[in-house]
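Construct all of the structure, not just a fragment, from the sequences and the given hints.
Chains S and A, in that order, give the protein sequences.
Under my numbering, the residue at position 97 of the first sequence is numbered 97, and the numbers go up by one with no gaps.
Under my numbering, the residue at position 229 of the second sequence is numbered 229, and the numbers go up by one with no gaps.
Quick caveat, the hints were computed from the structure, so don't treat them as lab data.
Remember, it's a predicted structure, so these values are computed and weren't measured experimentally.
Misleading hints may appear alongside valid ones.
Stated by the list, open to error - Below, simulated DSS-like cross-link-like pairs (lysine-lysine); rule was C-alpha separation at most 25 angstroms, straight line:
#1 Lys14/A / Lys335/A
#2 Lys422/A / Lys335/A
#3 Lys207/A / Lys70/S
#4 Lys422/A / Lys285/A
#5 Lys152/S / Lys335/A
#6 Lys143/S / Lys207/A
#7 Lys14/A / Lys181/A
What the hints assert, rightly or not - Looking from chain A toward chain S, a few residues come up when the C-beta cut is under 7 angstroms (computed):
#8 Ser202
#9 Gly646
#10 Ile649
Glycine included, each C-beta is placed from N, C-alpha and C at the ideal position.
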Amino acid sequence: MAYRVEINGEARELDVPADMPLLWALRNELGMVGTKFGCGIGACGACTVHVDGVATRSCSLRVGSIGDRKITTIEALEESPVGRALQQAWLDEDVMQCGYCQAGQLMNASALLARNPQPNAQQIDQAMSGNICRCACYTRIRKAIVAVVEQKETANV
Amino acid sequence: MSETMTLDRRSLLKASALAGGGLMLAVALPLPARAAAAGAGQGAELNAFITIAPDNVITIVGKNPEIGQGIKTMLPMLIAEELDADWDQVKIVQGGTDTAKYGMQMAGGSTATPMNWLPLRQAGAAGRQMLLQAAARRWGVDSAKLVTEPGKVVDPASGRSLTYGELASEAADVAVPDLAKVPLKDPKDFRIIGRAIGGIDSGRIVKGEPIFGLDTQLPGMVHAAYERARVFGSKLKSADLDAVKATPGVLDAFVIEGNGQADQLVDGVAIIAKNWWIANKAREKLSIEWDTGEWSGHSTAGYDQRARELMAAGKPEDVFSSDGDVDAAFASAAKVLDAEYFYPFLAHVPMEPQNCTALCHEDGSMEMWAPTQMPQGGQMAVAQMLGLSPDKVTVHMTRTGGGFGRRLTNDFMHQAAAIAKKMPGTPVQLIWSREDDVHSDFYRPAGWHRLRAALDGDGKLIGFDDHFITFDITGGFNPAAMAPDIFPARFVPNLRYAQSKLKTRVPMGALRAPSSNALAFVTQAFLDEVAEAQGRDLPALLDDLLSSRGKFPDSRGFGGAQPGFDPARAKGVIRKAMEMSAWDRPSSPGRAKGFGYYFSHMGYFAEVVEASLSDRGQVEVHNVWAAGDVGSHIINPFGALNQVEGSIIDGIGQATSLAIELDGGAVVQSNYNDYPVPRMPVTPEIHVEWVKTDHNPTGLGEPALPPVIPALTNALHKLTGKRIRRLPIDTKQLV
Numbered sequence: 001m002a003y004r005v006e007i008n009g010e011a012r013e014l015d016v017p018a019d020m021p022l023l024w025a026l027r028n029e030l031g032m033v034g035t036k037f038g039c040g041i042g043a044c045g046a047c048t049v050h051v052d053g054v055a056t057r058s059c060s061l062r063v064g065s066i067g068d069r070k071i072t073t074i075e076a077l078e079e080s081p082v083g084r085a086l087q088q089a090w091l092d093e094d095v096m097q098c099g100y101c102q103a104g105q106l107m108n109a110s111a112l113l114a115r116n117p118q119p120n121a122q123q124i125d126q127a128m129s130g131n132i133c134r135c136a137c138y139t140r141i142r143k144a145i146v147a148v149v150e151q152k153e154t155a156n157v
Numbered sequence: 001m002s003e004t005m006t007l008d009r010r011s012l013l014k015a016s017a018l019a020g021g022g023l024m025l026a027v028a029l030p031l032p033a034r035a036a037a038a039g040a041g042q043g044a045e046l047n048a049f050i051t052i053a054p055d056n057v058i059t060i061v062g063k064n065p066e067i068g069q070g071i072k073t074m075l076p077m078l079i080a081e082e083l084d085a086d087w088d089q090v091k092i093v094q095g096g097t098d099t100a101k102y103g104m105q106m107a108g109g110s111t112a113t114p115m116n117w118l119p120l121r122q123a124g125a126a127g128r129q130m131l132l133q134a135a136a137r138r139w140g141v142d143s144a145k146l147v148t149e150p151g152k153v154v155d156p157a158s159g160r161s162l163t164y165g166e167l168a169s170e171a172a173d174v175a176v177p178d179l180a181k182v183p184l185k186d187p188k189d190f191r192i193i194g195r196a197i198g199g200i201d202s203g204r205i206v207k208g209e210p211i212f213g214l215d216t217q218l219p220g221m222v223h224a225a226y227e228r229a230r231v232f233g234s235k236l237k238s239a240d241l242d243a244v245k246a247t248p249g250v251l252d253a254f255v256i257e258g259n260g261q262a263d264q265l266v267d268g269v270a271i272i273a274k275n276w277w278i279a280n281k282a283r284e285k286l287s288i289e290w291d292t293g294e295w296s297g298h299s300t301a302g303y304d305q306r307a308r309e310l311m312a313a314g315k316p317e318d319v320f321s322s323d324g325d326v327d328a329a330f331a332s333a334a335k336v337l338d339a340e341y342f343y344p345f346l347a348h349v350p351m352e353p354q355n356c357t358a359l360c361h362e363d364g365s366m367e368m369w370a371p372t373q374m375p376q377g378g379q380m381a382v383a384q385m386l387g388l389s390p391d392k393v394t395v396h397m398t399r400t401g402g403g404f405g406r407r408l409t410n411d412f413m414h415q416a417a418a419i420a421k422k423m424p425g426t427p428v429q430l431i432w433s434r435e436d437d438v439h440s441d442f443y444r445p446a447g448w449h450r451l452r453a454a455l456d457g458d459g460k461l462i463g464f465d466d467h468f469i470t471f472d473i474t475g476g477f478n479p480a481a482m483a484p485d486i487f488p489a490r491f492v493p494n495l496r497y498a499q500s501k502l503k504t505r506v507p508m509g510a511l512r513a514p515s516s517n518a519l520a521f522v523t524q525a526f527l528d529e530v531a532e533a534q535g536r537d538l539p540a541l542l543d544d545l546l547s548s549r550g551k552f553p554d555s556r557g558f559g560g561a562q563p564g565f566d567p568a569r570a571k572g573v574i575r576k577a578m579e580m581s582a583w584d585r586p587s588s589p590g591r592a593k594g595f596g597y598y599f600s601h602m603g604y605f606a607e608v609v610e611a612s613l614s615d616r617g618q619v620e621v622h623n624v625w626a627a628g629d630v631g632s633h634i635i636n637p638f639g640a641l642n643q644v645e646g647s648i649i650d651g652i653g654q655a656t657s658l659a660i661e662l663d664g665g666a667v668v669q670s671n672y673n674d675y676p677v678p679r680m681p682v683t684p685e686i687h688v689e690w691v692k693t694d695h696n697p698t699g700l701g702e703p704a705l706p707p708v709i710p711a712l713t714n715a716l717h718k719l720t721g722k723r724i725r726r727l728p729i730d731t732k733q734l735v
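Take a look at the structure:
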């Protein structure tokens, strides 16, 4: 059956089974391949998108259950100031090695900062612990997030 | 500077005019002897690696696959440095797979840096000389009076200048200098080498742009899932595909007959659908009968039992390294240490699941898009399988979401080609589920070592004996082999390495720092036991051993244990790590420090781990101090540090959490939930310092990993008094 899902501010029609995960609707139906497949069981975070602003594993989110909730993917991350700041911090810190997981890392980090603009180190570790980076660029992911937190602190002064 | 490797041929360079104006420099790089012998790049033609366009844009081809080691950024830095290019005007493009053009193209063995350090700089320097000549002609002055600044030639006498773009077409007419004699920059004048430069593709990655293998999309493309037997060595007896074919969305399903070679093509069923999830889910409806043969009885528990029996019996099948008289040393020993060590099978689990996109053209030729570490190996093997000449198989190198050695084996390319061949004209993307990846890897071999050490009346180490229980692997590269000169071989007067082999069908392969990732643990942890028995610490014992002889002769090859091994460099990093970590000062209560040192892939690393046990009995690593010697320069400090940090965290994960187990002939683990690679909270503070020595730079993909494992187990021994002789660490044994 056909579903209408709002993705990155645009209504998209998806004629897929209700139990198809959003990940595979994005990648194979809409050709939006920025959201990555890593594990298929919600264990690695590579497929993270925002559902009404909340970081969600799209490999475990069935299209039939989305309803009128709004989906944001990595392709639209740069439309938010926090998203842009994180993308820049990722480049400044040269975060990535292979880079495959970074779309998911960025989506998770941006949801964290939207919810809690000034997380402490422990809160960052906790929030990011659902995202695996097999290259283990964790020191830099931390630094990049802290850099954005500090910019915002400065901006608030 | 000393040479760390010998090159068989000299680099060649040819210049020509670029269509539409500009300079094209074609380079043929020398190959290491082994690759040349294997046929790679023989008769290599010159290829355009560097072009300088009239608009000043300098394009450099990144010839090797990029798997996350930063090669696509780092190799062009070498050229740009000696060319004296303006890095902001450098554009890097990924080369295609073409042995004739590029010589060897691969990612593995930490080889890119040592192989390219000199030849790529010479190529850049030759280009700079030609641009200087062109300017000299234009101005009618002596080229020796001219200098370069990034992207331009300057005449200091008059202050005039010309950009490289303005000179490029004229430079194409200048005679190419002799590469061996072309002057290289004084390192103090380096502007690019040593500068932290971000990954060349990073800007695209943070936007989610499609650059990975799995992002390949072609018009009319369909997807494939591949069902194969869980039990290694199985053959397909029969398959009922009716229910699968009747599944809505499934376009087709068919049996693929393999050749029994795990690294090529095993029997299976391909299911085709427009959407991969539909194809993969339809596997539930398959009904396949497998002939598992004798192999379904195999298990890690069975291997463990057999290995223990062999170690206890003490009758090795063969001795592969021997110095002095070991039996006499043990007979005369005042004290003998005797311990059994074990490490498990490990999987690679790179983040991007295995995948390959293939299109069989109407004329039978095959076009492929593959995230692989060995594009040329894949091209040759697929051509052979299909009975095509290699030029009928085109392999596009995509960016690769992690390798760690898994993608040195191209079984997924064989599968994709075999499937695509059945549907000419339709591009098909094969994707493995994560479960497929965990169940069908080429695993780091498990291994068992019975180690004995003989100490004389003064506590001196006079004998060392290792009975290694490994697996019987035939064929080319053997990841289960131990090199005869693994440390402390050649540093103990009486030493014997012997082995016995178990039969298996478990596929095995190279995992980041192959053999070293296991042997560093075994040897450095046992030497820590020896040091304790001597009443001193491991660095003191290592210093003693390493002082007993000088540098090893240089030798070819990268996989060998100690090519050109230099004890002075080993001692340098050991001293540095002791300083950095304040080794002589105890940690705060509840914490302890442990030491580990290893030499692998031409890199020297000493590491100190500071660890504790949490209230819940979990291992917590607080600090890691790492001292590394990889030669005279750190080409890109960003990439270099990233590799070291990643290696250290990878090693901590191996030590604390990871094991692949076999039961009923099949792998028990399935995904990241039961193969728990490290996550952010595991990450300690990592302190890295470089010991720069007057040697050509070598690679960093691997050598920082091995020593962290024994450094951690040695720290936990200091903390608890308990020795850890089996990996992963069983914390229940520590409390």
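Hints versus structure:
{"no.": "1", "hint": "Lys14/A / Lys335/A", "result": "violated, 66 angstroms"}
{"no.": "2", "hint": "Lys422/A / Lys335/A", "result": "violated, 67 angstroms"}
{"no.": "3", "hint": "Lys207/A / Lys70/S", "result": "holds, 19 angstroms"}
{"no.": "4", "hint": "Lys422/A / Lys285/A", "result": "holds, 22 angstroms"}
{"no.": "5", "hint": "Lys152/S / Lys335/A", "result": "violated, 64 angstroms"}
{"no.": "6", "hint": "Lys143/S / Lys207/A", "result": "holds, 19 angstroms"}
{"no.": "7", "hint": "Lys14/A / Lys181/A", "result": "holds, 15 angstroms"}
{"no.": "8", "hint": "Ser202", "result": "holds, 5 angstroms"}
{"no.": "9", "hint": "Gly646", "result": "holds, 4 angstroms"}
{"no.": "10", "hint": "Ile649", "result": "holds, 4 angstroms"}
Hint compliance for this structure: hints 1, 2, 5 are broken, all remaining hints hold.
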